[in-house]
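The listed protein sequences correspond, in order, to chains A and B.
Going by my numbering, the residue at position 125 of the first sequence is 125; the numbering climbs one at a time, nothing skipped.
Going by my numbering, the residue at position 362 of the second sequence is 1362; the numbering climbs one at a time, nothing skipped.
A hint or two may mislead.
[Said to hold, decoys possible] Partner residues are not named here, just some residues of chain A that face chain B (Cβ under 10 Å, in silico):
#, residue
1, ALA22
2, ARG104
3, ALA216
4, ALA236
5, ASP239
6, LYS241
7, ILE270
8, ALA328
9, HIS336
10, THR354
11, ASP364
12, SER366
13, LEU395
14, GLY399
15, SER408
16, VAL412
By construction, these hints were calculated from the structure, which means they are not laboratory data.
Think of the CB as a built atom: it goes at the ideal place given N, C-alpha and C, for glycine as much as any other residue.
Listed here are the chains, written in short residue letters.
Number of protein chains: 2
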Amino acid sequence: MDIKQYMEELGQRARKASRAMARADTATRNRALTLIADAIERDAYALRAANQQDMDAAAANGLAPAMLDRLALSDKAIATMIEGLRQIVALPDPIGEISGLKFRPTGIQVGQMRVPLGVIGIIYESRPNVTVDAAGLCIKSGNATILRGGSEAIHCNRALARLVKEGLEGAGLPADGVQVVETTDRAAVGALITMPQYVDVIVPRGGKSLIARLMAEATVPMIKHLDGICHVYLDAKADMKKALDIAFNAKCHRYGTCNTMETLLVARAIAPAVLPELARLYATRQVELRADPEAAAILRGYPHLAAATEEDWSTEYLAPILAVKVVADMDEAMDHINTWSSKHTEAIVTEDHTAAMRFLREVDSSSVMVNASTRFADGFEYGLGAEIGISNDKLHARGPVGLEGLTSLKYVVFGHGEIRQ
Amino acid sequence: MDIKQYMEELGQRARKASRAMARADTATRNRALTLIADAIERDAYALRAANQQDMDAAAANGLAPAMLDRLALSDKAIATMIEGLRQIVALPDPIGEISGLKFRPTGIQVGQMRVPLGVIGIIYESRPNVTVDAAGLCIKSGNATILRGGSEAIHCNRALARLVKEGLEGAGLPADGVQVVETTDRAAVGALITMPQYVDVIVPRGGKSLIARLMAEATVPMIKHLDGICHVYLDAKADMKKALDIAFNAKCHRYGTCNTMETLLVARAIAPAVLPELARLYATRQVELRADPEAAAILRGYPHLAAATEEDWSTEYLAPILAVKVVADMDEAMDHINTWSSKHTEAIVTEDHTAAMRFLREVDSSSVMVNASTRFADGFEYGLGAEIGISNDKLHARGPVGLEGLTSLKYVVFGHGEIRQ
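With these hints in hand, go ahead and build the complete structure from the sequences.
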């Protein structure tokens, strides 16, 4: 099979289908989602069998246990997929909304209409649930989509693709509205990210090496997530209970998530009081503290203490490890953050209103918080209803990306025969 | 001079300055704009002298008259630049606005704050007025900027850069908030578009060949404008007067602009009535009509008639030439548009409400109009106050791009000590 030609055909079909997807009314798109949920429920047994085929092959190929865990499609995972689709049905339709319609002195009325992006390419790991989540969000937002999941999940993804197509056709939508790349050849990714004539945006979900490759090669724009080096700054005017609660929760609620705190900054004025208290909490979880000299002096005797090096300021541990630094004041904290942060999420703990408002304004990250745990940086927590990913980019979508991130605004003009003078 | 290193230093200084630019309050940014306007007014004579140096060199190098015309900085052009800056001062500040602040069930309050993009690179032709317009918009929107104008304007741009820096410093802002690339080496452009660590977005203003080069080479995202192949569709239910007014104005108001109509589509039902009337109007301007066979049959005898080839459907004439095609109905018109349009601006003329609303929804262009001339697709006409360019892209900014297009939204969270459960 000629991969480039195969992908080109996929692209052409997606572009064609995108028009019908964009035109479809709310009820039709919701009907497709409901039919897909019903089909998955009906064929749950066959899906598990296809997944078992993938699991057996992956185990034989020596896939790491953590990867096998992501690949597995349990009954519970299937139920969650179905529930996810039904939740997407319940979300308001973002498409067609006209905002800001205003008369101009010439007599024309100008506004903006929310419309689908067109064709969305999604590249993700071997997690079959992403196939259904991503297809659901793209259908709801009136987009056509090309899904390229990890090769280990190919049998399950093919089975899911059939059910998605069944749902689309059942609702009178084109089956090509959602296409799964049926080859595991890595050249398919190279083709997908370099056909801007057919693909309007790529959403990569995966590790840093995938993103780095795409950034170097892609000519299609991306909504991408790189890493989460999140900071909490305990200000001189921090409330002690809030400081302890948030600094503990932001690190220990879950270690492996991108909105987990990786560096704690503490104002010099409160460091001697707050750090020993915090250390008692972290000790219950054996959190390793990598401290700068000033923090280390305060923390002397902590059983899991290490000296921080510059590398620690730019490391996403995703583990029970925390970099700790004492700073003179908020300005030094913001300097540190703006230098080392991956621009994901940062929080200040303070009772000082002016400090809080300055931090919100001046810290250049996709989420900036006052007196809340960084763990809240999440599409569901923010009320987006669903999340296709988190964007570290500044253009288009920033932070958690929901349905709106899969749309754009075009200008609409209502005239009455007006011409330019 | 090592161009790469020179550009790298420019980038580092811009990134550093961008923090102070973003932090500056409304009054400070407006003060800088006013000081720049005052300085240009004061030094108008010196600016004209610098421009004359450029004009003499360009004339000696045999620059085309149209290019010389763009390069010239007349007294009137200087007055327009000054007036433009004062208008930007009067625009509302887009920065810092918080929208959609809502309480979530967890107790946190989530909203979005409008913030500068950071560092904006602008690449443009040899038009010194763009140096001031672009600097003004970037200062107002709290961004740092690197300006790379056409090499023929280098003396004038250097003189303008000094005045801009004087204004920034006078307001207490960093002089590096606006930097003009002081070399005419084309390698500077290659460096500028491949340093995403220092530049957040590139706005190219220039011809298709520049854009094509940037699309192939840039690793920094772009807000770009390609071409304007705009359509007017005269529906079967069009009002005759509106049809004639709009079809004439969209073509003949100005030939060289990107929102000028290049293809006219006419519903079969009204073609025999409307085309001869239109031809009488176009004849007064000697507009060449490139007609498909059906339109040609109706237009037989028109003095400037030619047969349309497929190439005409994708040509931006920027001249008194118009492609004309008879279509069966609106569906055929929309098929033609969605196939051949550059997705800039399209208009329908109709009294049929359902047709009008379908056209608005289903045509995938940055501006879609009912009963208005395509010539209205413009930042000033839309009420944006100022325009950095028009975007053919779907991501981030689409259509005319004003101050808001130079900003992004970050999430802000107001908490009271909340942690994730």
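Quick one, is the ALA236(A) hint okay against chain B at 10 Å, beta carbons? 17 Å, violated
When the nearest CB of chain B is found for ASP364(A), is that gap smaller than 10 Å? Status holds, d = 7 Å.
Was the hint right that ASP239(A) lines chain B, CB cutoff 10 Å? Given a least distance of 7 Å, the restraint on ASP239(A) holds.
Status of the SER408(A) interface restraint (C-beta, 10 Å, chain B): At 5 Å from the nearest chain B Cβ, SER408(A) passes the 10 Å test, so the hint holds.
Under 10 Å is the threshold here; is the Cβ of ALA328(A) close enough to any Cβ of chain B for the hint to stand? 18 Å, violated
Minimum Cβ distance from LEU395(A) to chain B below 10 Å? 4 Å, holds
Quick one, is the ILE270(A) hint okay against chain B at 10 Å, beta carbons? It is violated, given that the least Cβ distance between ILE270(A) and chain B is near 16 Å, above 10 Å.
Is the hint on HIS336(A) kept, meaning its closest Cβ partner in chain B is under 10 Å away? Result: violated, 13 Å to nearest chain B Cβ.
Given ARG104(A) as an interface hint, is the shortest Cβ-Cβ distance to chain B below 10 Å? It holds, given that the least Cβ distance between ARG104(A) and chain B is near 6 Å, below 10 Å.
Would you settle whether the hint for LYS241(A) is holds or violated, based on the nearest Cβ-Cβ distance to chain B being less than 10 Å? With a closest approach of 7 Å, the LYS241(A) hint holds.
Is the interface hint satisfied for GLY399(A)? The criterion is a beta-carbon contact with chain B at less than 10 Å. The hint holds - GLY399(A) has a Cβ within 10 Å of chain B, the shortest such distance being about 5 Å.
Identify whether the interface hint at ALA22(A) stands, where standing means a beta carbon of chain B within less than 10 Å of its own. With Cβ-Cβ at 7 Å, under 10 Å, it holds.
Hint violations for this structure: numbers 4, 7, 8, 9, 10, all remaining hints satisfied.
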